[in-house]
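These protein sequence lines map, in sequence, to chains A and B. For the first sequence, the residue numbers in the working numbering are 1 to 367. For the second sequence, the residue numbers in the working numbering are 368 to 506.
None of these hints come from the bench; they were simulated from the model. Positions of the beta carbon are idealized from the N, C-alpha and C atoms, including for glycine. Fair warning: there could be bad hints in the mix.
So the derived label-pair ranges between C-beta atoms look like this [what the hints assert, rightly or not]:
no., chain 1, residue 1, chain 2, residue 2, range
1, A, A291, B, E409, 33 to 41 Å
2, B, K369, A, D167, 46 to 54 Å
3, A, E292, B, E454, 32 to 40 Å
4, B, D393, A, G325, 39 to 47 Å
5, A, K20, B, N374, 50 to 58 Å
6, B, R421, A, S81, 39 to 47 Å
7, B, I501, A, K2, 32 to 40 Å
Derived contacts from chain A toward chain B, CB cut-off under 8 Å, selection only [unchecked claim]:
no., residue
8, L35
9, A105
10, G304
11, N342
With a cut-off of at most 20 Å between alpha-carbon atoms, the simulated DMTMM-like pairs for lysine to aspartate or glutamate come out as follows [stated by the list, open to error]:
no., chain 1, residue 1, chain 2, residue 2
12, B, K495, B, D378
13, A, K252, A, E285
14, A, K308, B, D464
15, B, K426, A, D127
16, A, K344, A, E323
17, B, K426, A, E124
18, B, K426, A, D151
19, A, K349, B, D378
20, A, K349, B, E453
21, B, K439, A, E124
22, B, K430, A, E122
23, A, K347, B, D417
24, B, K423, B, E482
25, B, K427, A, E285
26, B, K430, A, D127
27, B, K427, A, E122
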Amino acid sequence: MKSKYEFEAKYREQILQCSKCGFCQAVCPVYGSTLRPAYNARGKMLLLKEVMDGHIELNDELIETLFQCTTCASCFENCPSGVNVPEIIKEVRKDMVNIGSCHPAFTGMNEVLQKHTNIYAEDEPEDFERERNKKAEYVFFIGCVGSYREDEPALAVLDLLDRLEVDYTLIDEVCCSGVLEDVGFQINENLSRQNIERILATGARGVITSCPYCFRTFSNKPQYAELGEKGVRIMHVTQFLKDFDFGVKTDKRVTYHDPCDLGRHCGIYEEPRQIIRGIAPDFVEMRHHHAEALCCGAGGGVRGAYPKNSIAMARRRLQEVEEVGAEVVLTECNSCVHNLSNAKLRKQKFRIYNTTQFINELMEDAE
Amino acid sequence: MKIHQYNMPDDLSYEENHFWVKEEGDLIVMGMDDFAQVMAGEIVYVQLPDEGKRIKLGKKFAKVESGKWLGKVFGPVNGELVAVNEELETNPGLINDDCYGKGWMYKIKPDDPGEVANLIRGPEAVEKWVLADIEKYAE
Chain A
1 MKSKYEFEAK YREQILQCSK CGFCQAVCPV YGSTLRPAYN ARGKMLLLKE
51 VMDGHIELND ELIETLFQCT TCASCFENCP SGVNVPEIIK EVRKDMVNIG
101 SCHPAFTGMN EVLQKHTNIY AEDEPEDFER ERNKKAEYVF FIGCVGSYRE
151 DEPALAVLDL LDRLEVDYTL IDEVCCSGVL EDVGFQINEN LSRQNIERIL
201 ATGARGVITS CPYCFRTFSN KPQYAELGEK GVRIMHVTQF LKDFDFGVKT
251 DKRVTYHDPC DLGRHCGIYE EPRQIIRGIA PDFVEMRHHH AEALCCGAGG
301 GVRGAYPKNS IAMARRRLQE VEEVGAEVVL TECNSCVHNL SNAKLRKQKF
351 RIYNTTQFIN ELMEDAE
Chain B
368 MKIHQYNMPD DLSYEENHFW VKEEGDLIVM GMDDFAQVMA GEIVYVQLPD
418 EGKRIKLGKK FAKVESGKWL GKVFGPVNGE LVAVNEELET NPGLINDDCY
468 GKGWMYKIKP DDPGEVANLI RGPEAVEKWV LADIEKYAE
């Protein structure tokens with residue numbers, strides 16, 4: 001029998017594999033902040049089984065459940081049955097959009113990216129006072145969050161690249177639009193084409209980005225495959241910097257927050273740690289780290305659609321910073337910096353930085 | 368004073384990015400005005416810098432956010448930040464509930480109290496400014 005929905009056609013067997021053990025509940029950040037079992041992966045899989053069995057229909061009543069997911073992949077990482085929940089959620093969101101049931105924040109995000117070149121519909125990015133679109137060995141791609149929300153870490157990584165005398169250029173970048181795939185829509189090929197053409201025009205042999213999401217999109221999405229085909233290597237900034245000797249150290253106690261998009265989604269765990277161990281002898285891991293790291297709550301469009309819950313998730317993560325007595329939390333994702341900084345309470349005296357921003361500050365202080 | 372649906376008390380002074388200012392002894396209190404909180408929607412984050420921070424006239428010193436909107440807070444005068452509304456840390460929605468009362472944001476000690484006179488103040492000036500912004504943001 002033909003499946004009514006695409007998610008069923010693609011993932012029926014996986015959904016039926018869910019043994020309802022609840023391992024996912026223990027690690028789901030949405031469950032952690034809402035304590036609602038329907039919101040974790042098991043709850044979502046039970047609902048989808050009911051949809052496949054014809055007992056309920058996909059409709060607006062399921063928006064809260066199916067769109068409230070950071071796609072952090074903690075559930076997948078901990079699922080003994082190997083159910084790839086994030087991919088299933090992304091697919092069912094597309095089905096929801098196709099039948100006209102979508103969270104208004106995500107509908108808005110898609111509309112914005114049909115008309116504007118960034119997810120915030122802002123007119124002008126911060127002026128980073130760098131030449132753009134010139135010939136260079138590397139393109140540095142900032143991403144929307146760095147360009148429009150977290151300009152200080154974005155500027156700091158550029159300053160660091162300057163200190164290290166890296167031959168790079170910025171481009172007139174537009175949103176990679178990868179997020180649209182997570183919230184039920186498609187990458188905007190008008191935007192991806194602009195990025196590809198501008199990157200290729202620089203003659204660069206590599207693209208460096210400090211945004212794990214842009215890194216993921218450029219690396220894995222077919223719309224950007226042309227970059228790889230033309231010999232342009234895509235690098236996260238931690239991959240690029242891991243072997244540099246920065247010549248500075250801190251005596252502060254430092255911990256590291258694994259961004260979901262860099263860690264669980266791309267498997268990059270050790271490069272940031274290699275860099276941090278080189279500058280911070282008192283490096284400590286939080287209770288949850290590497291593939292077990294808690295999500296900051298910003299992913300999957302949740303920061304925009306469910307900001308209060310998103311910040312609640314970040315506060316849970318920051319409790320773990322307090323537990324280890326860290327004075328500095330490093331990460332390497334502007335969205336994580338943004339959400340964790342929004343969540344930090346005034347009584348919490350630790351600082352939150354991108355690793356590159358922290359290194360730049362240490363180098364600045366040493367001058 | 369009501370200007371369209373917005374409550375804009377005419378005994379306050381206003382910074383052009385829609386933050387109100389009230390003189391309170393030798394300090395000024397500031398917060399987001401009704402026009403801004405309606406336009407922004409539900410406020411989810413208010414940056415509360417440490418007391419003692421230097422505030423420079425016209426320079427960004429904090430951020431306010433609703434879901435997808437980021438507002439920058441600019442110094443209405445030169446001075447020093449002496450208090451922040453800590454309630455906003457866990458309940459930023461107070462700005463939506465009571466922007467001129469419990470939703471106050473910052474207290475600043477101005478270097479020169481006379482600088483407040485340079486803000487938008489008085490019924491006529493406030494009305495002209497708000498009407499222009501209503502038109503601007505309707506586009």
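Do the hints match the structure? See the list:
{"no.": "1", "hint": "A291/A with E409/B: 33 to 41 Å", "verdict": "34 Å, holds"}
{"no.": "2", "hint": "K369/B with D167/A: 46 to 54 Å", "verdict": "59 Å, violated"}
{"no.": "3", "hint": "E292/A with E454/B: 32 to 40 Å", "verdict": "35 Å, holds"}
{"no.": "4", "hint": "D393/B with G325/A: 39 to 47 Å", "verdict": "40 Å, holds"}
{"no.": "5", "hint": "K20/A with N374/B: 50 to 58 Å", "verdict": "52 Å, holds"}
{"no.": "6", "hint": "R421/B with S81/A: 39 to 47 Å", "verdict": "57 Å, violated"}
{"no.": "7", "hint": "I501/B with K2/A: 32 to 40 Å", "verdict": "53 Å, violated"}
{"no.": "8", "hint": "L35", "verdict": "18 Å, violated"}
{"no.": "9", "hint": "A105", "verdict": "6 Å, holds"}
{"no.": "10", "hint": "G304", "verdict": "5 Å, holds"}
{"no.": "11", "hint": "N342", "verdict": "4 Å, holds"}
{"no.": "12", "hint": "K495/B with D378/B", "verdict": "16 Å, holds"}
{"no.": "13", "hint": "K252/A with E285/A", "verdict": "14 Å, holds"}
{"no.": "14", "hint": "K308/A with D464/B", "verdict": "16 Å, holds"}
{"no.": "15", "hint": "K426/B with D127/A", "verdict": "15 Å, holds"}
{"no.": "16", "hint": "K344/A with E323/A", "verdict": "14 Å, holds"}
{"no.": "17", "hint": "K426/B with E124/A", "verdict": "18 Å, holds"}
{"no.": "18", "hint": "K426/B with D151/A", "verdict": "15 Å, holds"}
{"no.": "19", "hint": "K349/A with D378/B", "verdict": "38 Å, violated"}
{"no.": "20", "hint": "K349/A with E453/B", "verdict": "15 Å, holds"}
{"no.": "21", "hint": "K439/B with E124/A", "verdict": "14 Å, holds"}
{"no.": "22", "hint": "K430/B with E122/A", "verdict": "16 Å, holds"}
{"no.": "23", "hint": "K347/A with D417/B", "verdict": "11 Å, holds"}
{"no.": "24", "hint": "K423/B with E482/B", "verdict": "12 Å, holds"}
{"no.": "25", "hint": "K427/B with E285/A", "verdict": "35 Å, violated"}
{"no.": "26", "hint": "K430/B with D127/A", "verdict": "18 Å, holds"}
{"no.": "27", "hint": "K427/B with E122/A", "verdict": "17 Å, holds"}
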